[in-house]
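Go ahead and model the full structure; you've got the sequences and the hints to work with.
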Amino acid sequence: MSQDLDPRIHRVLDGELDRAALRPDERTQVERLEAAARALSDVPAAPGLADRVMGVIRRPIRSPVERFRQWLTARHPVTVSLRPVYSVIIAVLLIALLWRGPGSGPAPLLGEHEGVAQFVARFPEAHSVAVVGAFNDWRPEATPLSDDDHDGVWDARVILPTGSHEYMFVVDGERWVSDPMAGRYVDDGFGRQNAVMEVRPGRSE
Amino acid sequence: MTAGEGSDAEIIARVLSGDVEAFGVLITRYEAGLLRFAARMLGSRDAAADAVAEGLVRAYRHLASCRDPARFRTWMFRIVANRCKSHLARRPVGDVSLDDAPPLAAPENTDAAFERNDQLERLERALGNLAPEKREAFVLKHLDGMSYEEMSAVTGERIPTLKMRVHRAREALLAALKESR
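Protein chains in written order, with our numbering: chain A, 1 to 205; chain B, 206 to 386.
Errors might be hidden in some of the hints.
[Unchecked claim] Listed next, with one range per pair, are the computed distances between beta-carbon atoms:
| no. | chain 1 | residue 1 | chain 2 | residue 2 | range |
| --- | --- | --- | --- | --- | --- |
| 1 | B | Glu-226 | A | Val-85 | 16 to 24 Å |
| 2 | A | Arg-58 | B | Pro-365 | 38 to 46 Å |
| 3 | A | Asp-25 | B | Gly-361 | 58 to 66 Å |
| 4 | A | Asp-25 | B | Ala-275 | 39 to 47 Å |
| 5 | A | Val-92 | B | Arg-272 | 57 to 65 Å |
| 6 | A | Arg-19 | B | Pro-365 | 19 to 27 Å |
| 7 | B | Ser-212 | A | Asp-25 | 25 to 33 Å |
| 8 | B | Met-369 | A | Glu-31 | 19 to 27 Å |
[Claimed, not checked] Over the 12 Å line for every Cβ pair with chain B, so calculated as not near, a few chain A residues:
| no. | residue |
| --- | --- |
| 9 | Leu-49 |
| 10 | Glu-125 |
| 11 | Asp-147 |
[What the hints assert, rightly or not] Rough simulated footprint, nothing fancy, chain B against chain A, three-plus residues with beta-carbon under 8 Å:
| no. | stretch |
| --- | --- |
| 12 | 36 to 48 |
| 13 | 51 to 59 |
| 14 | 128 to 138 |
FYI, nobody ran anything at the bench for these hints, they're computed from the structure. Being a predicted model, the structure only gives us computed values, none of them experimental. Each residue gets a CB set at the ideal place from its N, CA and C atoms; glycine is no exception.
Here it is, written out as C-alpha cells:
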C-alpha cells in the first residue's frame, strides 16, 4: 500500500526546496525515487525508427481525389456481424428473390439462333390451355399456358430456335384450336389451320 | 541542440520551405525522449516505436499548424501522448501490466544486474499499474525532466492537478520499492 509522503519530500523532488532541509531518512526516500526514475529512463533505442519516418514523409502526399480513387479500387476487408436470426431472414429473402416462378424473371440468356416466343390466347371458360407444335412433338402436356390472375387470358413464353413455327392451342386437354390472333396460317393437311409464328433472335413475337 | 543545426524554429522554417530532410534533425533531437515516454506509457517497446513513428509523421504533416515552433518539443510530446492514449484505448483492459514481459532495459549477466533487473521489473509493474494519467505525469516529470509548465502544455491539465498526479505516482512507486526489500 502506498502512503502519503511528507510534502517537503515532494517539494525537494519538485526543485522547490533544498534537500538539506530533510532528515536523513527523508533524504533516502528522495534518493530512492531518483534512482527509480534513472532506472526507468533506460529504454533501448528503436533501430530504424528515423529511417521509417523519413521514408514515409519523403513520399509525396496524394491528393484527396487520388486517395478516394485508391479507396474505391483497393480491396477492403469487410466484416459483418449478424445475429443468427437475421442471417436466416436474409438467406430466405435471397432465396425468394432468386427463385422466381416461370415467366416472371428477366429473359433468360439466349443462344445466337434462339428467340423467345410468347403465346397468348383468350379462353375465358377454359380449365387448361397448352400450346403444341413440332417444337414439342405436338404433345399437349409439354407446354402449358398459365392464367395466374384468372382473367381468361392464358400465356407462356418459350425459347425456340429462330424461324417459322406452326402451332395450335389445346384447350382442356382435348379441343385443338387455331390461334385466332396469329398473323399467318397454313393448312395442316387434316382440314384445320395451324397458326404460324416467326421467332426472331433474342425477342418474342 | 547540436551546434550548426539551428534552433527548432529555424529547422521548422527550413522544413516548411521545402527542405524535407531537415525534419531528420528534429527526429534525431527528440526520438530518444519520445521513445522513452511512449515505452513507459505503453509498457511495450514495439508499441512505443509505432506510436512515436505515427506521431512524428503526423507532426510533419501538420507542421504548419505548430503555432509556436520554439515549443516544438512540448507540441511533439502532446502528439505522441495522444497516440499513446489511442493505443491504450484500443488495447484490452489490464494489458498494460508488464508481468509477462522482460524488463525494457537489456539484462546483464551478473548477480548485481539480476538484482537490478528484478527491481526494475517491480518498478515497471508498479508504473504499469498506475492510472494512465498518473503514469503520464510521472514520466514527463521524472523521466523526461519537464517542468510543470511544460507538462501542462503537453497534457492540457492544470499545474495543481499535475502535481497531485506526480505525488500519487511517487508514493505508489516508493511503496513498490519498499515491498521489494
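Outcome of the hint check:
1. B:Glu-226 to A:Val-85: 16 to 24 Å: Given about 59 Å between the Cβ atoms, the range is violated.
2. A:Arg-58 to B:Pro-365: 38 to 46 Å: 44 Å, holds
3. A:Asp-25 to B:Gly-361: 58 to 66 Å: 37 Å, violated
4. A:Asp-25 to B:Ala-275: 39 to 47 Å: Taking Cβ atoms as reference, A:Asp-25 and B:Ala-275 lie about 42 Å apart, which means the hint holds.
5. A:Val-92 to B:Arg-272: 57 to 65 Å: Check passed, 59 Å falls within 57 to 65 Å.
6. A:Arg-19 to B:Pro-365: 19 to 27 Å: 23 Å, holds
7. B:Ser-212 to A:Asp-25: 25 to 33 Å: This hint is violated: roughly 44 Å between Cβ atoms.
8. B:Met-369 to A:Glu-31: 19 to 27 Å: Check passed, 23 Å falls within 19 to 27 Å.
9. Leu-49: Since the minimum Cβ distance to chain B is about 6 Å, A:Leu-49 lies within 12 Å and the statement is violated.
10. Glu-125: 75 Å, holds
11. Asp-147: Per Cβ check, A:Asp-147 is outside 12 Å of chain B; nearest 64 Å; holds.
12. 36 to 48: holds (count 10)
13. 51 to 59: holds (count 6)
14. 128 to 138: violated (count 0)
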